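Participant: Sequence:
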Amino acid sequence: LDSRRLAAIIGGNKCAKETLGQAKFQEVPEEDHDSPHFDIRWCINHYDIKFAEMRPGQLANHFPNSGSELGTKVGLHRNLRSLEWFDKVPMDSFFPRMYNLANPWEVQDFVDEFIFVAAHSEVVRFSQGLPVRAAEEKGGLGAVAEAADGGGKPGEEEKAAASRSILEAAHSACQRYLDNRAKVKGHDLDDSGVLGGVLTLADYFAIRPDVKWKSDVPRNTSDGSAYGPPSSRRDAPLEAGPPRPEVASPDRRGG
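For the sequence shown, our numbering assigns the number -3 to the initial residue and increments by one for each residue that follows.
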């Protein structure tokens, strides 16, 4: 009999196969995946593991009774978000920011945060005496100023104006984002707080004018309008789906 340990790998995980093979595990044939004879069972779906039938010494890559609540990214995200309701502990205070982009409400949350980080980065760079990011990209501020000027070769004055324009856009985006975040922080929303987000693609392209739209990037909505090229949709916020409830959920609050 082959004395090597048996690994039932379900779902075609290449990394798991290579790692377990290097550890001298013998892979269980696909037709025997339902067999109770294995040393380790590695699978994607939590419910492919019959924990009640496992014997002492057998291992699996999921925890019993965790299911979709902790064993998936979406489930983990949902439950960590709920912590603030029950224990008043914001998820963002101890766990990396994450967004469920299948939830239309969180799409604009992600967009707002992404643009704010880009804007905040420019403000920090300015405080440290560094040039704007666009100045370090291919063509530098010269290309940005040239595009804004209609093709003429820009001088130092035009480059300085382009840099100043970027910093002003970054400051404006930071101010609007932080002001709106403060207004929607608690349950007592005032009429001027916008749960759907306040930043748009126009803000991002004002901060990063060196970024070019890629025509092969898939669009996000059924009619393609929200992710359309900046030339035609620079002032349009990403569509955020149905209206949010009137009371802010805890994932809208934070530092």
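No lab work stands behind these hints, which were simulated from the structure alone.
Note that the coordinates shown come from a computational prediction; the quantities given were computed from them, not determined experimentally.
Some hints here could point you the wrong way.
As the list claims (entries may be wrong) - Derived PhoX-like pairs (lysine-lysine); straight-line CA-CA distance at most 20 Å: (1) Lys10 to Lys20; (2) Lys155 to Lys208; (3) Lys179 to Lys84.
As the list claims (entries may be wrong) - Label pairs and their calculated CB-CB ranges: (4) Gly7 to Gln171: 46 to 52 Å; (5) Tyr43 to Glu132: 47 to 53 Å; (6) Glu133 to Asn75: 36 to 42 Å; (7) Val70 to Phe90: 16 to 22 Å; (8) Gly53 to Glu26: 21 to 27 Å.
Backbone N, C-alpha and C fix where the C-beta goes; we use that ideal spot for every residue, glycine too.
Participant: Now look at each hint and say whether the structure bears it out.
Facilitator: Consistency of the hints with the structure:
Between Lys10 and Lys20, the direct Cα distance comes to roughly 15 Å. Compliance with the 20 Å bound is thereby established for this hinted pair. Between the alpha carbons of Lys155 and Lys208 the distance comes to roughly 19 Å, so the proposed pair stays at or under 20 Å and holds. About 19 Å separates the Cα atoms of Lys179 and Lys84, which keeps this hinted pair within 20 Å; it holds. The hinted range of 46 to 52 Å is satisfied by Gly7 and Gln171, whose Cβ atoms lie roughly 47 Å apart.
The supplied range of 47 to 53 Å is met by Tyr43 and Glu132, whose beta-carbon atoms lie about 49 Å from each other. About 40 Å separates the C-beta atoms of Glu133 and Asn75, a value consistent with the hinted range of 36 to 42 Å. At roughly 19 Å, the beta carbons of Val70 and Phe90 sit within the given window of 16 to 22 Å. The hinted range of 21 to 27 Å is satisfied by Gly53 and Glu26, whose Cβ atoms lie roughly 23 Å apart.
This entry satisfies every hint, going by the numbered hints stated previously.
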